[in-house]
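> Sequences and hints are given; from them, build the entire structure.
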Amino acid sequence: MMVGRMPGGAVEENGMSIERPPGESTGRTTRRREATRERVLDAARDVFAERGVFGGTVEEICARAGFTRGAFYSNFADKDAVLRALIAREHERLLARLDAAFDLVGEASTAAGTDPDPRATMASIADRLLRSVPADRLFSLVQSELEIHAVRAPEVARAFRAADARFRARVADFLVRGLARLGRELVVPVADATDTMIAIVERSNRRALLRGDGSDPNALAATMLPLAMLAVSRPRETVAGG
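Quick note: the sequence shown uses my numbering, first residue 1, plus one each step.
Derived by calculation from the structure, the hints in this document are not laboratory data.
Quick caveat, the model's predicted, so the values are computed rather than measured.
A couple of the hints might just be wrong.
Claimed, not checked - Quick list of simulated restraints, FRET-style, between CB atoms:
id, residue 1, residue 2, range
1, R97, R69, 30 to 38 Å
2, A191, R137, 27 to 35 Å
3, S215, G27, 40 to 48 Å
4, R69, R234, 53 to 61 Å
Beta carbons are placed, not taken as given, at the ideal position from N, Cα and C, and that holds for glycine.
The following block contains the structure:
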């Protein structure tokens with residue numbers, strides 16, 4: 001079904017102008033608009049993954065979403081506006097997944113108890129963290145495309161930096177609080193530890209993507225994350241009289 005907006009209160013569906021009742025609720029209109037935006041963003045994500053940001057066109061996005069150009073431009077000024085919205089949405093989804101993963105970290109630390117060897121616990125925490133972050137081909141391609149385009153487009157770069165800063169802050173909080181639950185503390189600046197963990201996961205995903213042989217994108221990260229977490233932390237000292 002092809003949908004687009006017409007002048008006044010009309011909406012174009014499959015080439016026909018349909019007049020909406022004057023009393024149609026604002027809430028219903030808002031929900032329909034939000035659904036349209038989500039479909040456009042889903043389509044843009046798929047097109048950018050397949051064709052790249054520069055190769056993908058507004059026409060292809062509209063065709064994939066099943067909308068007219070009118071529906072597109074009633075929601076987004078241009079392709080860069082779609083990119084900014086897509087960056088914000090994908091990062092918000094990542095943040096929600098991290099929050100859910102942190103609850104699982106609590107389960108892992110409780111199950112570990114007083115285990116004298118923290119490596120198994122670190123491996124369990126790393127597994128929970130990795131399972132919370134998408135590692136499929138589509139996710140990796142879209143993230144790479146968004147990052148590359150952000151380098152070239154100042155407006156997109158600002159949106160990317162803002163979203164990335166929120167993501168890194170959440171990962172840093174995840175790391176500090178997760179280690180604290182295990183009775184450990186960082187021995188390096190939290191920003192450095194955060195960058196290290198993210199770099200390990202990104203490299204693991206990209207290596208699998210480049211191989212193209214169906215390798216587990218988390219294989220390298222599953223091995224290296226627990227070791228890195230141990231390397232940048234130590235048992236927290238107990239203050240006498242505390």
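> State for each hint whether it applies.
Going through the hints against the structure:
1. R97 - R69: 30 to 38 Å: holds, 33 Å
2. A191 - R137: 27 to 35 Å: Cβ of A191 to Cβ of R137: about 30 Å, so the range 27 to 35 Å holds.
3. S215 - G27: 40 to 48 Å: Since S215 and G27 have Cβ atoms about 47 Å apart, the given range 40 to 48 Å holds.
4. R69 - R234: 53 to 61 Å: holds, 58 Å
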